[in-house]
Amino acid sequence: MKATAVQNKLKYFKYNKAKLGAKPGSIFIPKDALPTQVYEHRFNADVLEELPEATVAQARLRLAPEVGFTRWIDIRGLQNPELFDWLESDFGIHPLELEDIASRQQPKVEEQFGHLFIVARMLYLDDKVQLVNDQLSLFVVGNTLITIQETYEDVLEPVRNRLRNVLMPLRKRKSEYLAYALLDAVVDHYFLVLNDLGERMEQLENLLLTKPRREQRDQIMHLKHELLAIRRVVWPTRELANNLLRNDHLHGQDDIKIYLRDLYDHVVSLMDHAENYREISANLLDLYNTAVSNYMNEIMKVLTMISAIFIPLSFLAGLYGMNFVRESANGEPMPLNMPELYSPFGYVTVIVVMVLIALVQLLLFWKKGWFRRW
Amino acid sequence: MKATAVQNKLKYFKYNKAKLGAKPGSIFIPKDALPTQVYEHRFNADVLEELPEATVAQARLRLAPEVGFTRWIDIRGLQNPELFDWLESDFGIHPLELEDIASRQQPKVEEQFGHLFIVARMLYLDDKVQLVNDQLSLFVVGNTLITIQETYEDVLEPVRNRLRNVLMPLRKRKSEYLAYALLDAVVDHYFLVLNDLGERMEQLENLLLTKPRREQRDQIMHLKHELLAIRRVVWPTRELANNLLRNDHLHGQDDIKIYLRDLYDHVVSLMDHAENYREISANLLDLYNTAVSNYMNEIMKVLTMISAIFIPLSFLAGLYGMNFVRESANGEPMPLNMPELYSPFGYVTVIVVMVLIALVQLLLFWKKGWFRRW
Amino acid sequence: MKATAVQNKLKYFKYNKAKLGAKPGSIFIPKDALPTQVYEHRFNADVLEELPEATVAQARLRLAPEVGFTRWIDIRGLQNPELFDWLESDFGIHPLELEDIASRQQPKVEEQFGHLFIVARMLYLDDKVQLVNDQLSLFVVGNTLITIQETYEDVLEPVRNRLRNVLMPLRKRKSEYLAYALLDAVVDHYFLVLNDLGERMEQLENLLLTKPRREQRDQIMHLKHELLAIRRVVWPTRELANNLLRNDHLHGQDDIKIYLRDLYDHVVSLMDHAENYREISANLLDLYNTAVSNYMNEIMKVLTMISAIFIPLSFLAGLYGMNFVRESANGEPMPLNMPELYSPFGYVTVIVVMVLIALVQLLLFWKKGWFRRW
Amino acid sequence: MKATAVQNKLKYFKYNKAKLGAKPGSIFIPKDALPTQVYEHRFNADVLEELPEATVAQARLRLAPEVGFTRWIDIRGLQNPELFDWLESDFGIHPLELEDIASRQQPKVEEQFGHLFIVARMLYLDDKVQLVNDQLSLFVVGNTLITIQETYEDVLEPVRNRLRNVLMPLRKRKSEYLAYALLDAVVDHYFLVLNDLGERMEQLENLLLTKPRREQRDQIMHLKHELLAIRRVVWPTRELANNLLRNDHLHGQDDIKIYLRDLYDHVVSLMDHAENYREISANLLDLYNTAVSNYMNEIMKVLTMISAIFIPLSFLAGLYGMNFVRESANGEPMPLNMPELYSPFGYVTVIVVMVLIALVQLLLFWKKGWFRRW
Amino acid sequence: MKATAVQNKLKYFKYNKAKLGAKPGSIFIPKDALPTQVYEHRFNADVLEELPEATVAQARLRLAPEVGFTRWIDIRGLQNPELFDWLESDFGIHPLELEDIASRQQPKVEEQFGHLFIVARMLYLDDKVQLVNDQLSLFVVGNTLITIQETYEDVLEPVRNRLRNVLMPLRKRKSEYLAYALLDAVVDHYFLVLNDLGERMEQLENLLLTKPRREQRDQIMHLKHELLAIRRVVWPTRELANNLLRNDHLHGQDDIKIYLRDLYDHVVSLMDHAENYREISANLLDLYNTAVSNYMNEIMKVLTMISAIFIPLSFLAGLYGMNFVRESANGEPMPLNMPELYSPFGYVTVIVVMVLIALVQLLLFWKKGWFRRW
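Residue numbers (our numbering), protein chains in the order written: chain A, 1 to 374; chain B, 1 to 374; chain C, 1 to 374; chain D, 1 to 374; chain E, 1 to 374.
Next up, chain A with everything else stripped away, as it sits in the complex (with noise of 0.2 angstroms):
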């Protein structure tokens, strides 16, 4: 369990003790935070603009792009206070929006200032194949997609792909449909996850059959973690596409809604997909402890079968190594101690006593099915 501070991160949730009474709306940026960067696509049907990466001065200084064009600020990281000064003065985001942005936030969907605001969590496995929990704020407002997200990796390179091809019908598009198609990116990516997820938990599984050992206790443990965080994100982003579905904002778009509907059943199949994982992986630790047990009792058995057999016949050597004498010390005789020793055939009759003794104790143990594995 090297992975320890990820896995904590996951699980336990750390709260700013600076925030406690402040009055609402007030931003407390994370100490962790990434340097902010901006980058923005500008698109219509036939031209991309890809502006260079910018901090927030220089990017509050671009101008508006054209009329029909659509624009996509893509803002990475959340050390730089100015960032949440311009998107209040710029876009009209509210200080409880902004609030949302810098503290850890269920997924969820409001649309309350004039503007749609979407809280969404972007699960992936970074290059140490640890579970990365990471959250992606939208907003749409007017034809303009704002997406904030607090570290620089995420799952969205596919639709800049898209983008970039411009025979992609995602050109033709409104940032609402730039929006949900994030969405469908980030939520694939929760396929993904969960795929990996699925054969780590065959492999174990096919271990646990064969050779169960220690380490694998902890995997499992270690599975069921990531699988609550899994379906702590996935239970309320069905709360969200049913939102979206139910959504006047994204309406406005014709067949839009026809995609959420998509969407919605991508999650109900997640739903499912986890679900079933959690059941297998409640299976996988009966298996880890059956086979534990198993182990246990065969040791048990053996124990018992060699304690049972020997020490009888211990007691009987022991028998036949005490000093009675057979005369007193006046030299008369005492027939009756330890006759069975003076015996010419004494010794081989307790030899073969011993071994009748063990053959008829192992036969029973045969009769009752001890030698048979449960």
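Treat the hints with caution; some may be incorrect.
What the hints assert, rightly or not - Ranges between beta-carbon positions, derived for each pair:
#, chain 1, residue 1, chain 2, residue 2, range
1, A, 52, E, 261, 36 to 44 angstroms
2, E, 353, D, 328, 29 to 37 angstroms
3, E, 329, B, 294, 29 to 37 angstroms
4, C, 353, D, 130, 50 to 58 angstroms
5, D, 130, E, 222, 27 to 35 angstroms
6, C, 282, E, 372, 35 to 43 angstroms
7, E, 349, B, 294, 30 to 38 angstroms
8, B, 69, C, 245, 43 to 51 angstroms
9, E, 90, A, 104, 39 to 47 angstroms
To be verified - Here are the simulated DSSO-like cross-link-like pairs (lysine-lysine), alpha carbons at most 27 angstroms apart as the crow flies:
#, chain 1, residue 1, chain 2, residue 2
10, C, 108, D, 19
11, B, 108, B, 174
12, A, 368, B, 211
In short, the hints are calculated from the structure, not lab data.
All values reported here derive from a predicted model rather than from experimental measurement.
Glycine included, C-beta positions come from ideal geometry on N, C-alpha and C.
Take the given structure of chain A and dock chains B, C, D and E to it, following the hints.
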């Protein structure tokens, strides 16, 4: 557990990584897809034409049947990409629906693009008695029914036979009723699968009550996974049946609602049986565990009783095996050293004491009820 | 568990493979169906005619009773196929309903073809004290009540006796009230079955607290299965009662709603008792497991104490059984070799040391509370 | 578990077999019913008349009070069948309601025959500290309140005392408010019962943490059953309070709704406490099991360590107790036979080796942490 | 578990027996109530008057503030009965509400007598790091906010500090917003408590993975009880927030709904975290149990292997310690009696056999994987 591969296919979900971020409606044909075969039935009350097996290209060239005929296009295997093109251009199937045909879907019913789209799942035991979970997609487009399935084997043969019999009322029906008849055949097969499962559970239960073995644990695990797979198919099928009942499309037919109600009742009955089996399978595992633990307890009792009886006896024997000498080097008598050894009745007394100890212990064990079977 | 066959009939569901893909409404008479007997009661406030037992063919020929008479056709056994023909042609029973009569159904109420169709399940203990779960199908067709049951035995005799008594208000009622009276008798019998179950649980609980035995485990399993069967009957019966309460057909009668409300209350009360028993039966299994584990713990304690005390003593005895010689071959003394054996108080000292070791250990065990019963 | 009889009355349900198939509304007086006593209070704001205890026959002859008086007929014991006759003829109670008085009912409220009918359950601890679960049936017929209870003891005395106090607002109220006041007293008593249960759980928990004993297991089982009984009373009481809140009958009184809302809040709070206790009682059982298993583990550790240390030592001792001779019958020396026995430092070496073995083992055990308490 | 008293106060509910049957609205001041202190803040956008601590009698004499001022009467400690009189006469608080102030209530919101009544629960860690669960009752009567709490300590200080800062928007708000700000501070503190719990769980988890100890079990139990207490506060708080959102009273303020929505989101997020912690705490107990059982299994393995190896060896040693004599009393040789003892290589052979037996057993154990750690 030789059947791991098939089993795992039921349990773990496989995601095609190429799908990541692809535009919605992109079709990814599974790698193990079979070559596409197209069959077709055209019938009215008097005539049934069964067209021979054809490729997609051949089937495309066929003319539509005369007015009054009901047409069933029966497609098996998804390998040929032309299939999807044909479905889209000739029957107006939407790309999102095509995507659903090619990827694993939960049972569902949709009516979005002027036709009815049903996804059902066929469960049957193949010739190796492995549970197969195959997708059956149905489209009711006007008076044409299109069914698409992944494998060549299916559970629909009885319906085909009913079509061949001119006396069957099915011959007088339209495509909607034919779709119902196929669903009914699919659901009927669930009963068969459940019946087979029940028979194996019954056998297993009888074995567990008489002689528990290790393999049985694996068989129970196996049963639980099959049951899980069945439940994951049956639950959404109830939703499917319910949605069909409330669907406007199918109600054009006069008495079809009564049959759908019957289908719904069957699915509810299936759920009841599956739920019942789930409780029984949990009990089976308990039974196995208790049986094993009873065996272990019996073994421990035997060990304990043998040990408890012989350990004191062995001690006594060991005691009189000590070599304390009765005379000092000077020949002075040391009468306190093991005088028992020098008594004429020493040995007999010790034997009697040993027998008494053993008897008293046996009596105590009997009184405490340790000879009883728990 | 001699009753395995009957039990398993309750637990496992048997599917008739001939049904696969048969057209809906096909009737499959169970192989073990009994020959059909038809009884009939015709009554008004003044007169009760009990017609003798007849075959289906004989019953078909009978004329309808005069106006004002309520008619109860009481059919037992499903073997005669003519029965289904008669019900369809003379009373307008639909093939789908006929199919339901011949196959196991959950309790339900339907009103589809101008008559009321109720499926109830009779639970009773047969003369071998086995729980029987028999289907009772009721049709209210105008002022005729038709009941069909699989076996000859039933729980309806008290209602027949009330019919025979001219003073009973039942005599003045129509077929709907008679149907209610039969359902009431069926539900009343559930109480009897539950009462019997409760008595057996009470006995078992007392036994478990005094002397646990292996058979009791099987009896608990048995009880749990019976309870499962009862719950599977009672739950849908609540739904049935509720549907009847909201049904238009029965409300033609003036105060019948009050009685149906009473019936509903009884079923709810049954559910409460059954749920209560389910929790108690779970506790019983815990009780058995704890009792067994307490026994095992006691056994292990005895083993441990005996071993812990005698193992060191035996070691001491063994120690002084060693044969180190005191003189070399040359007769030189080797005073370091086991001088204890040559001391005049050696033996006495060893005995005293042994007794002390045993006493100290007993004291320690007592202080640690090992003599206490847990 | 001396209280088995009372306990079992709480747990197991007893069905009167005579009721089987009796016509609905038949009254079956329980065999252990007490002789019926009738008390009566008549009051208005100024005057309170407490009529003396009477039989049913005597009470029937009493004249109705003057206009403006509220009348509370307080009936205890169900033995006298005339009671039911009186209730039916003088107050219009329906036979189905009379049946409910005489048989165990879940708490409920009904308003069917021009009066309000409430069934509540009184829980209190009798003088043997046994939990009693008694039925209280209330009828609000105009300005008359009729209460019927099975036993002579009850929880209503505080209300009677409030009636006796001319200053109490209760004196100015009608029968509906009096019914509310009685229900409030009943619910208040649930808190007392729960409080007593909580105190016993607290004591038990402290004992379990210090010294676990067998009796505690039975006490926990006992507590769980009492809690089950309480929950089975409180849950439907919430429904009752909610139904009263929505009932038209009681709303005639001006501010009674506020008091009913308060009653409802109390019941919800009770449910919360009961649910909390249920979780705690589950934890108690875990605590007992862990405590017992910790004891067993300690015992096993002691056995293991003693065995592991002494078994090799005993083997060594046994080894040098072997009797291999050093000279052949011919007097030839056989120097390979047990030369250790003939070394001058043999014994000392063996003792030192034994001490070393023991020390090394103790060291290993200590390093593995076996002396730690888990 | 030194903190038993505080803990138990969280867990077990204490009922004041004097309340039994008292008329509704009777106020029972808890015995451990603190002397009542009254603080008061009066503010508008420009001015903040903080009135000094006063008794109830002193506070009653104060004049109402000028128009335009918002008034916050901050009452701590419930000992003085005059308090309730003051609240009833001057602010129109209803006796049932006064009863709620003095007795433990679930979080709730009510609007019945022309003012808004909110019950919240403050959770905080006192200076002994014990979780305290204190009640905060809030009344919004016109532009006056009255808060009543049981203890002197609270979580509201940050709000008081914001009031003292003239720049804070809070200064321009009315009593409703102040009530919201207090609730927000209360809910923010739940995060702090949960954060502290999470940190302790994280520490515990790391310890369990390295060295399990008995104390950890008690700490897990402790954690589970704290979590239970938190959940019992947070769940009804969600209901409270939801009711406030739908309440007409607070909506008079323009944008307060947005802030309430934010509060609601916080509580939902808390529930998610608490639910997550509940699953983790269940896993912790599993982890502890598995760790302990792994230790025990290791111990049993060591015992078993030592026993299995030495028991046969000891038997052999005992065998050759038997005293069968080789010559009869008459000097006749008895060559069958233990000839091994008289062979020149007897001892060496036995030693070799013993070593072989031990090696073979070790080899077998190794092959069976008993040296592996499970």
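Hints, verified against the model:
no., hint, result
1, 52/A - 261/E: 36 to 44 angstroms, "38 angstroms, holds"
2, 353/E - 328/D: 29 to 37 angstroms, "21 angstroms, violated"
3, 329/E - 294/B: 29 to 37 angstroms, "55 angstroms, violated"
4, 353/C - 130/D: 50 to 58 angstroms, "56 angstroms, holds"
5, 130/D - 222/E: 27 to 35 angstroms, "33 angstroms, holds"
6, 282/C - 372/E: 35 to 43 angstroms, "37 angstroms, holds"
7, 349/E - 294/B: 30 to 38 angstroms, "44 angstroms, violated"
8, 69/B - 245/C: 43 to 51 angstroms, "48 angstroms, holds"
9, 90/E - 104/A: 39 to 47 angstroms, "45 angstroms, holds"
10, 108/C - 19/D, "25 angstroms, holds"
11, 108/B - 174/B, "21 angstroms, holds"
12, 368/A - 211/B, "10 angstroms, holds"
Figure legend: structure checked against the earlier numbered hints; hints not met, in rising order: 2, 3, 7.
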